[in-house]
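Using the hints, position chain B against chain A.
Number of protein chains: 2
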Amino acid sequence: MEKHESIFLKKSFVVITGSSRGLGKSMALQFGGKFPPDSVLVLMARNVEALESVRTDLIELVPESTVLVKQYDQGNTDIAYFDGIFDNLLAENKLSKDDFDQVVVVHNCATTGDNVKTALQLCDANHVRSYYDINLVGMILLNTSFFTTFSDSAKSRVVINITSGASQLPAPSLHLYCAGKAARDMFFRVLATEEPSIRILTYAPGAVDTEMLRDLETNASSAAFRKVLNDLRKDDKLKTSAEAVTDLIYVLEDNTFDNAVFVNNYEQTAKPYIEETLFSNKI
Amino acid sequence: MEKHESIFLKKSFVVITGSSRGLGKSMALQFGGKFPPDSVLVLMARNVEALESVRTDLIELVPESTVLVKQYDQGNTDIAYFDGIFDNLLAENKLSKDDFDQVVVVHNCATTGDNVKTALQLCDANHVRSYYDINLVGMILLNTSFFTTFSDSAKSRVVINITSGASQLPAPSLHLYCAGKAARDMFFRVLATEEPSIRILTYAPGAVDTEMLRDLETNASSAAFRKVLNDLRKDDKLKTSAEAVTDLIYVLEDNTFDNAVFVNNYEQTAKPYIEETLFSNKI
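Respectively, the protein sequence lines represent chains A and B.
In terms of UniProt numbering, the first sequence has 83 at position 83, counting the first letter as 1, and numbering is strictly consecutive.
In terms of UniProt numbering, the second sequence has 126 at position 126, counting the first letter as 1, and numbering is strictly consecutive.
Just chain A, same shape as in the assembly (with noise of 0.2 Å):
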């Protein structure tokens, strides 16, 4: 494989779903200032009040940074929902797409579903249809709405899929989790096969401090997984967002990862206490 460069020298068009909070946030907080100043950073979420609330604080840590916010909603199900949702915001902000070295990206909106009900409890038809929706379906949706809009292959294109230790180890209470971050990554596998111009990485940041991670500690149907998510806070191995994408960034600048292979930050972390627990006879 070629050599690639830092992902952060070029002038870029970034997309970050779920980045009103939580890891996303941190992302743009960050990615903010590791572009080059003319890129523009896209924030998206359901929360347009929260997603204004960290361009402003972004605009503050680096004055320089143009940053758009776009309401959005992945589970959104409309026939025409995904349909040039970045033509349109291109034209809205008159903007070109030939203004762009590079365009990023970045699949992080992500939910964990009824994580109180255990596999044999999911009978709710519309939540686990709206579990896929959001996290399987709207990410598809989204993904090919971005490269129909950004379909030079000639440019560089990044994708970075935000996935779990949960894709490749069985956790109880995270079935829908699990499940869905399974698909997601194989459909990038699917797309690295079709589609080899478009850098994909496919990353797990490991245990990270989230309002997600918080809800898991208090609410999960399995006591044997509260156990290790309560373990890790307890011996402070939980990372902050922050800190997660310092080493999301260390990797992209990097930039040797194989396209679209699980790239884990999970050694670190979470680890030791989910094997020693959940994959011992100690449940």
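None of these hints come from the bench; they were simulated from the model.
Think of the CB as a built atom: it goes at the ideal place given N, C-alpha and C, for glycine as much as any other residue.
All clues given are correct.
Non-contacting residues of chain A with respect to chain B, defined by C-beta distances greater than 12 Å in every case (computed):
{"#": "1", "residue": "46"}
{"#": "2", "residue": "47"}
{"#": "3", "residue": "48"}
{"#": "4", "residue": "50"}
{"#": "5", "residue": "71"}
{"#": "6", "residue": "92"}
{"#": "7", "residue": "98"}
{"#": "8", "residue": "211"}
{"#": "9", "residue": "231"}
{"#": "10", "residue": "255"}
What follows is a list of derived Cβ distance ranges for each label pair:
{"#": "11", "chain 1": "B", "residue 1": "235", "chain 2": "A", "residue 2": "233", "range": "53 to 61 Å"}
{"#": "12", "chain 1": "B", "residue 1": "61", "chain 2": "A", "residue 2": "211", "range": "54 to 62 Å"}
{"#": "13", "chain 1": "A", "residue 1": "258", "chain 2": "B", "residue 2": "11", "range": "45 to 53 Å"}
Using the frame of chain A, we list chain B on its own:
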């Protein structure tokens, strides 16, 4: 792990989805003669006339068989569609769940998605949603419905998850299929951690000469993938559905597989073709 006896020894209630044709039909025809004669086989698919024809063929082969036919659309999005399917089926046929020493559900129903398209052409929201409704969401909801009826963990309970080598290896054109199969396999790995009393076989039958395969041979967007399939046929390496089910029956008689671990019949058929063609530099 305790030694398990052949799954064909107990009086069983056996459900096979997608049993109107292909592999599912062959399972119906061969399973019918393997389980004790007071077992009940439930054939489920959309096409009830085709199911009745399978039932007629089976009763001709094994006159003492008890076969129920249930029209079923795994992609149905009505909120209550999956509720009480098996409770109602038992009541309608004056059966009780206590009549059986073992229950078996075969999740065989599957589609391949719009393989004429590449991953970056997947812009039809209804199609992508419908794909995961049929292949992931509906399967989860049916599985819940089955184990809500058959909730007694003291009885022998078996899941057969029909998967594919495509859940492990990304094949161009099979974007929706690879991702869906990877998701299903992982869902059952989580179920295995939550409910170790359920025996779960995740089984890839190899390259089987079905309508699904013939469609891919002609229509798949990737010429490299079509060549893999065409070479398999030319070299007479495809299994018939009947042969593939004979292999599966051996695995179920032997019954030594690890729960929810991918079991592959694929070394015997597609593997050398796929690895030589798709994962070398010959594309």
